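What follows is each chain in one-letter form.
Number of protein chains: 2
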Amino acid sequence: MYTNLNHLKFLLKDVHPIEPLFALPKFSHADWEQCWMMVESAKALADRDMAPYFKAMDEQGVQYDGKGGVKSHPQLKTIIRQAGQQGWINGAASFDVGGMQMPLMVYNAGQHIFQAANNGCQGYFSLTSGAAALITSFGSKKQIETFVPNMFDGLWQGTMALTEPQAGSSLSDITSSATQIQGDRYRIKGQKIFISGGQHEACDNFVHLTLVRIEGAPAGTKGISLFIIPKFRPEADGSLKYNDVFCAGDFQKMGQKGYVTTHLVFGDNDDCIGWLVGEPNKGLTYMFQMMNEARIGVGQTAASVAMAAYHASLQYAKERTQGRLVSEKDPLKPPTLIIRHPDVQRMLFTQKAIAEGSLSLAMECNKLYDLAHAADGDTQREAWLLLEFLTPIVKTYSSEQGSRSAALAVQTLGGYGFTMDFPVQQHYRDLKIMSIYEGTTGIQSLDLLGRKVSMEKGKALAALLTAMKNTISAAQSAELAPYARKLDEEIARIQAVLAHVARYAAADMDRFLSDATVFMEQVSYVVIGWQWLKMAVVAEAKLKSGDLGTTPKAFFEGKLHTMKFYFRYELPHAEACAKTMMDGEYLTNLKTFERLD
Amino acid sequence: MYTNLNHLKFLLKDVHPIEPLFALPKFSHADWEQCWMMVESAKALADRDMAPYFKAMDEQGVQYDGKGGVKSHPQLKTIIRQAGQQGWINGAASFDVGGMQMPLMVYNAGQHIFQAANNGCQGYFSLTSGAAALITSFGSKKQIETFVPNMFDGLWQGTMALTEPQAGSSLSDITSSATQIQGDRYRIKGQKIFISGGQHEACDNFVHLTLVRIEGAPAGTKGISLFIIPKFRPEADGSLKYNDVFCAGDFQKMGQKGYVTTHLVFGDNDDCIGWLVGEPNKGLTYMFQMMNEARIGVGQTAASVAMAAYHASLQYAKERTQGRLVSEKDPLKPPTLIIRHPDVQRMLFTQKAIAEGSLSLAMECNKLYDLAHAADGDTQREAWLLLEFLTPIVKTYSSEQGSRSAALAVQTLGGYGFTMDFPVQQHYRDLKIMSIYEGTTGIQSLDLLGRKVSMEKGKALAALLTAMKNTISAAQSAELAPYARKLDEEIARIQAVLAHVARYAAADMDRFLSDATVFMEQVSYVVIGWQWLKMAVVAEAKLKSGDLGTTPKAFFEGKLHTMKFYFRYELPHAEACAKTMMDGEYLTNLKTFERLD
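Those sequence lines, one after another, are chains A and B. Taking the numbering used here, I'd label the letters of the first sequence as residues -5 to 591. Taking the numbering used here, I'd label the letters of the second sequence as residues -5 to 591.
One should not assume that every hint holds.
Stated by the list, open to error - The list that follows gives simulated cross-link-like pairs (lysine-lysine, DSS-like), each with its CA atoms no further than 27 Å apart:
| id | chain 1 | residue 1 | chain 2 | residue 2 |
| --- | --- | --- | --- | --- |
| 1 | B | Lys276 | A | Lys327 |
| 2 | B | Lys451 | A | Lys585 |
| 3 | B | Lys573 | A | Lys480 |
| 4 | B | Lys327 | A | Lys585 |
| 5 | B | Lys538 | A | Lys585 |
| 6 | A | Lys312 | B | Lys585 |
| 7 | B | Lys327 | A | Lys183 |
| 8 | A | Lys323 | B | Lys451 |
| 9 | B | Lys49 | A | Lys49 |
| 10 | B | Lys480 | A | Lys480 |
Note that these hints are calculated values from the structure, not bench results. Note that the coordinates shown come from a computational prediction; the quantities given were computed from them, not determined experimentally.
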């Protein structure tokens, strides 16, 4: 088992109830039974076509053939086609462009299962989904008709092509260029690196959503435009012609070895044509639609991989006997199951707290996304504000703590965890990229403290505080109130830290933002504490009502217990981060780097 | 560069001065120049024969041939022979057994260089050194003559064979058996797994120091004996005969891929002979000599690998330009070196604090080892007590935080860090085993709280407190006093935590020890803070004296700065751990594991 459907159902049905979404016009065609059936179908697909290939796709990896081709695992074609046919590429797209118009919550509940089963293969088709969404949002009718249907079917792979070798994360420095031929058609020249899914054997064509600078455009991010650049371009007669998009190599990596990462060269023979999406110089704005979804997606993927590692180590701990409790040291007695050892429980509860907590936050974000895109008025606005604030957090907490969680999975298995015979080491390796994908932890943290805290005069932050206070108000039973109080204290501490660092904001932005990552860590701990308290409120109500359906009582007790565990073992580190933030020293500035040797 | 010799010299010459050791009879033959020359020779050897093969030994790995043989990298033979010839196997052994009788400090200063250069290959010969030490300590004259010289020469590989498939870390459950033939010769039957260095192409013979139960021995750890079991046994005529020690397979791992880990079967054809070392049933006591050294060694290895990752990421940060400071956002200006970004500095200083701090602790332990083995009277006794307390800490802090440190090295390189083109991902993979080798973090933590805190009526703990108070007394300048005060507060907090949990010790040992790992984390943070304050005291004195030799001023400023950094960013987490410890809840007990699902 790589995830727990009971937990997923608990999130969708109870903690972040999806049912109110069906009252919105966009989703009025849907209902709970249909949505849950779709989630269950994802499990069947993952069990049959994805999970069994998790290890093999890692071992076999991908190989560049030196001539532009990349050999990928033979199963990949089946996976992408099946995902296309079963609605896991077009699931969240609107009816009018050929989508299924399901809430993102449902779509991503399915993706969670795929991510936990085999995160490398899931990337291929979820990336196509994101690229298609970008075209349907900002592309012309013609562009949509030309590119999107084959993407939805899993025949054509979509990608995001942003990074250039010399620029890295600094998009203002990209130099790929476009010269207009006619209308939306431009001649393209340039190079992109780290292109996930960027050409392989399993798809017939590749649709690269690429950031390019149109000749004469302003410097910096204001001069970036978005182009569709296919590997094979559709000609007027319907045939496909090679579009001078050459795969010049691939990156071999420590994890996600089955997920190809390429180096692309556009227009080396001056025959690469790109289609401008929307207006010139608005590329970055458009791309950020995809980017924001991708950030939630990466956060959710990290949560899902951590979940898979947790379940692998939990299963091991329930089957493996070793040693005896400290209080039962008689060597003549049989060894005990390791799950009975307190330290093994500590490792497992920590993983449960991180994996389930971050998945809950991802589902919160998915629901906010649905409200921000399908609701109206204040509901829409509040959802959008809160989502803006939470996006860098779900990306960062899940990836950073997810890595720590997977390390605990390895540790739970001891020496076996380090061997290729068990999947936890692969989870650990795969997870490491999540804190780098789609904006590193440092970049997310600058976004949080530098933009999101102050956006709309602090309304995004206020939306979070309101949401947390609502949970605190709901957590006033004798059992929950002490934890609600702790959460309240942490909220006050965040405000104190912001008041403290605000003094630097006007005079010295470098200093103001120098500890943005520590602030991110502090806020993340609190936000996940909030998610756990939210889960505990629901679990307590369930237990009190006695109406548990077919779910075992221990499931709900486990939620309450893990909340307490989180507040005892994890949340105190939020205060430690606050201490760092409130300390007056300034140790990472323009004078200090020479002390690194 | 994979380490900084200036830092190593600073530790040996100034922070943990080695020179007083030369006043002891055992080391009176040695002096500083000779010792430092030996360290520099280690650097030359590592540069020429080890570092260039770090990547290749990982990529090529080791392969089991299905017939008892293991293919290893061709360079390995050269490495082990050279290490033997240059004194890196027999360096710390006594003259009377053919050793060089150097302080362990010097020997391990050299090993640090090898560990940083290529940790996989270093394991082979340091393991032989440890196995030879065990034979010379407890073996007969005949056993020493028979086995040790070829081990010192790097011709024969020594190993430690403890773990059995069904027992794992629980040595009381081992079942390998021995039946006496005559004198110290016994017929052996059994299986061992996870045997590092356990048979490969680069050595001619293998000397397995193996824990076995003599027929009729008492149950549990009281019935374990230590045997020398060679792969080829020396016959009376001086020839070697196959001793029925079959390598039945190897473990493929996520890291240390060039360092073979085997499964050994002893006596499948009833022709395996082992030589009993010392007295029957005292095997575990003997083994713990090697084990304690091995624990320091693993801690130091983790520190060294983290050091190598730090230097790789530091070099990258000094060469790579990307983006601009928040205060310099003009896209027309050239991008800046990433080392100027505050968040990159944060990642680098964190690594420096962890890697140099844990190496300092390892050197403290090495010096204590020398004093405990070569001094006498109170000096010897105090050193031994303090070393007992610090051993589980150096093992655990370095491995757990070393992994976090290497993760920051990967993060500093961004996407490139995840690719096989840079070494940091290998450091990250290699490091993961260190928290498992020679007793997991959980086991070290039980040792710390369950045994070391109370050993000799608390004298080991008292020795640590005294040592820390001495450093606090020395740190009373205007610049250092605030940090000395903080360290003092943390000492008080450790005492408060111990007073708090002591209430459980009598009635409920399971509960008393249930959070041993959190206590370990708390104490470790404080101990490394102590090491940094110690380094800062020396650095401040150097700067005040103006007598810096050829070392740049920035080097010493860097020590002071990193101490401040550590106290600001890392030490607050000790208090967070204390909060967890002081919390009254008991969440990992015999009733709670059913809540894991």
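Structure-based check of all given hints:
Simply put, Lys276(B) and Lys327(A) have alpha-carbon atoms about 22 Å apart, close enough for the 27 Å limit, and the pair holds. Using a Cα cut-off of 27 Å, the hinted pair Lys451(B) and Lys585(A) is violated, with the two alpha carbons roughly 49 Å apart. For a cut-off of 27 Å, the pair hint linking Lys573(B) to Lys480(A) stands: about 13 Å separates their Cα positions. Between the alpha carbons of Lys327(B) and Lys585(A) the distance comes to roughly 21 Å, so the proposed pair stays at or under 27 Å and holds.
For a cut-off of 27 Å, the pair hint linking Lys538(B) to Lys585(A) stands: about 20 Å separates their Cα positions. With a C-alpha separation of about 14 Å, the suggested pairing of Lys312(A) with Lys585(B) holds against the 27 Å cut-off. For a cut-off of 27 Å, the pair hint linking Lys327(B) to Lys183(A) stands: about 23 Å separates their Cα positions. For the hint pairing Lys323(A) with Lys451(B), the CA-to-CA distance comes to about 22 Å; that is within 27 Å, so the pair holds.
Distance restraint check for Lys49(B) and Lys49(A): the Cα-Cα separation of roughly 23 Å lies within the 27 Å cut-off, and the hinted pair is therefore satisfied. Distance restraint check for Lys480(B) and Lys480(A): the Cα-Cα separation of roughly 25 Å lies within the 27 Å cut-off, and the hinted pair is therefore satisfied.
Hint 2 alone, counting from the list given before, is not met by this structure.
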